[in-house]
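Undergrad: Now for the letters of each chain:
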Amino acid sequence: MSKVIPLSGNYAVAYAVKAADVDVVAAYPITPQTAVVEKVAEFVANGELDAEFLHVESEHSALSAVLGASAAGARVFTATSAQGLLLMYEIMHIASTARLPIVMGIATRAISAPINIWCDHSDFMAASDTGWIMLMALNAQEAHDLIIAAYRIAEDPRVHIPVAVGYDGFIVSHTVEPVDVVEREKAIKYAPKRVTWYTLNPEKPMTMGSLASPDWYFEFRVQLQNAIESSREVISEAFTDFKHYFGREYREIDSFYTDDADVVLVSMGSATGTVLAFVEEARRAGMKVGLLNVRLFRPFPEVEIAKHLENAKVVAVLDRAMNAGSSFVGPLYSDIVVTMFKRGLDIPVINHITGLGGRAVLKSYVESIVKHAYSLVGKKMRDIERHYSFIGVRE
Amino acid sequence: MLVEVRWHGRGGQGAVTAAELVAYASIIKGYYALAFPEFGAERRGAPVTAYNRIADRVIYDRSPVLNPDAVVILDSSMVGREVLHGLKKGGFVVANTTKKPSELSDLLGQDYRYATINATKIALDVFRLPIVNTAMTAALAAASRVVDLEHLVEAVKSRFSARLASLNELVLRKAFELTEVK
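Protein sequences, first through last, are from chains H and P. Under this note's numbering, the letters of the first sequence match residues 1 to 395, in that order. Under this note's numbering, the letters of the second sequence match residues 1 to 182, in that order.
Wrong hints could be hidden among the right ones.
[Stated by the list, open to error] Which residues of chain P face chain H? A partial, calculated answer using Cβ under 10 Å:
| no. | residue |
| --- | --- |
| 1 | 20 |
| 2 | 35 |
| 3 | 63 |
Note that these hints are calculated values from the structure, not bench results. By construction, the Cβ of each residue, glycine as well, lies at the ideal position given by its N, Cα and C atoms.
Throw the hints in and build the complete structure from the sequences for me.
TA: Structure follows, in structure tokens:
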């Protein structure tokens with residue numbers, strides 16, 4: 001029997017690690033992630049989880065350690081935030097092309113400088129070119145559930161790609177809310193522990209991660225692209241089965257009122273909850289506003305997303321990160337624009353950067369975004385002078 | 001139904017745990033509840049703010065609480081107009097103080113409903129430490145129907161070890177009885 005208990009997002013992730021019966025955990029403390037691995041360490045210390053907990057000297061070592069353990073056939077976990085994730089960046093690429101099914105939690109946090117421990121998506125987005133499968137949770141329950149689903153996806157023989165599950169620093173990581181905790185027996189039935197990937201074995205020696213000359217390197221990269229493409233089907237199956245096992249339904253994206261919407265908002269992470277609260281109010285006031293929440297960020301679910309944007313007159317994308325000097329500024333925005341351009345959808349797509357460094361995203365901001373979007377109805381993309389704005393900032 | 005509570009205290013008094021206990025009790029009751037701190041660096045003695053959002057349905061909104069239905073003040077030195085910003089008219093002010101509710105009403109105006117409790121004394125009597133959070137959750141229960149005493153008792157039993165739970169239950173029941181409501 002499952003039970004609903006109050007847990008913070010961080011603890012919800014730790015309970016998922018326990019349910020997944022992880023073998024090896026390595027981590028280095030960083031706010032706001034630290035409580036996850038503290039709780040996992042407690043589970044290991046009091047015998048609730050039979051795992052090896054490695055205390056390492058940096059995040060670079062943490063990911064390297066679980067990479068080695070994964071290569072030996074262990075089910076592994078690590079978690080980090082912000083500068084810690086950047087220190088892992090080098091190893092993230094190695095993990096994906098080495099095709100090791102590592103699972104990582106990211107309590108999302110702003111990147112220095114200046115030092116800021118609060119939520120935004122700068123760290124998560126910085127990892128978006130590492131070849132990992134990337135999911136973003138809306139709340140503690142999702143963080144818990146997606147970690148369990150992540151093992152099923154990563155270890156599938158059609159995939160063998162590491163998975164990162166993001167959840168907003170503090171706003172989710174430190175908020176206590178009801179979480180329906182998955183039992184180990186059921187979690188293991190859903191995501192069985194079977195070593196389907198190539199492992200290091202002294203009886204049958206092999207080499208991993210050695211030099212690939214120009215004659216071979218390219219093929220490894222193409223294999224990664226092919227595998228992450230074929231992971232789409234596996235992710236979809238994992239979500240369908242999740243509902244079957246645990247009763248909770250997840251999809252690559254969530255759509256709200258998009259069928260007849262003139263203005264569609266696109267959002268990711270905890271801000272989606274606040275945007276939805278506004279959209280519900282706007283609908284009651286007769287405004288045709290819709291919302292898309294992006295749960296799966298890599299591989300980007302463009303087919304599913306495009307379906308919900310086909311009838312829109314204006315699309316407004318909220319980003320909690322920025323890529324200074326790029327042609328797009330907001331990273332989520334760039335994927336949405338490409339998705340629409342590939343389908344010839346020539347309507348205004350506007351980018352709103354908000355909530356950087358822990359600044360709150362308020363319903364009133366969403367209201368101003370929607371008002372602005374309505375002023376652009378009937379225009380084409382080329383009519384737009386400035387495609388991005390900053391909301392809730394001193395300019 | 002949606003109820004929002006804001007907690008004011010100082011680092012070490014347990015404002016964050018108080019909000020968590022109220023969320024815990026509300027979840028036991030069958031509600032959906034969030035407890036979250038004003039996210040910042042944590043230092044003893046520094047002002048701390050925490051929030052609850054409690055509803056009979058899933059709560060989506062993750063923005064800060066701007067217009068609470070109740071404000072709970074854990075530290076008597078913080079009782080004042082500053083901590084009442086945004087409080088709804090007719091909302092509850094629950095304070096740890098030796099003052100009477102009528103005195104607070106004279107001091108802070110007629111717009112709100114007041115409840116007072118000498119939580120520091122109860123905490124010192126029972127814990128021998130000025131940790132007033134549990135007492136203040138009971139004061140909130142006595143003042144309003146935001147949370148129920150019996151669910152708070154259940155919450156401390158699940159959250160604390162047996163010895164601590166029985167001390168906390170004692171504090172809850174004492175505080176509930178001694179809270180003065182105007």
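Undergrad: Holds or violated: is the Cβ of residue 35(P) closer than 10 Å to a Cβ in chain H?
TA: 4 Å, holds
Undergrad: With a cut-off of 10 Å on the beta carbons, see whether residue 20(P) makes it to chain H.
TA: 5 Å, holds
Undergrad: Against chain H, run the beta carbon of residue 63(P) and see if the smallest gap drops under 10 Å.
TA: At 5 Å from the nearest chain H Cβ, residue 63(P) passes the 10 Å test, so the hint holds.
In this structure, none of the earlier numbered hints is contradicted; all agree with it.
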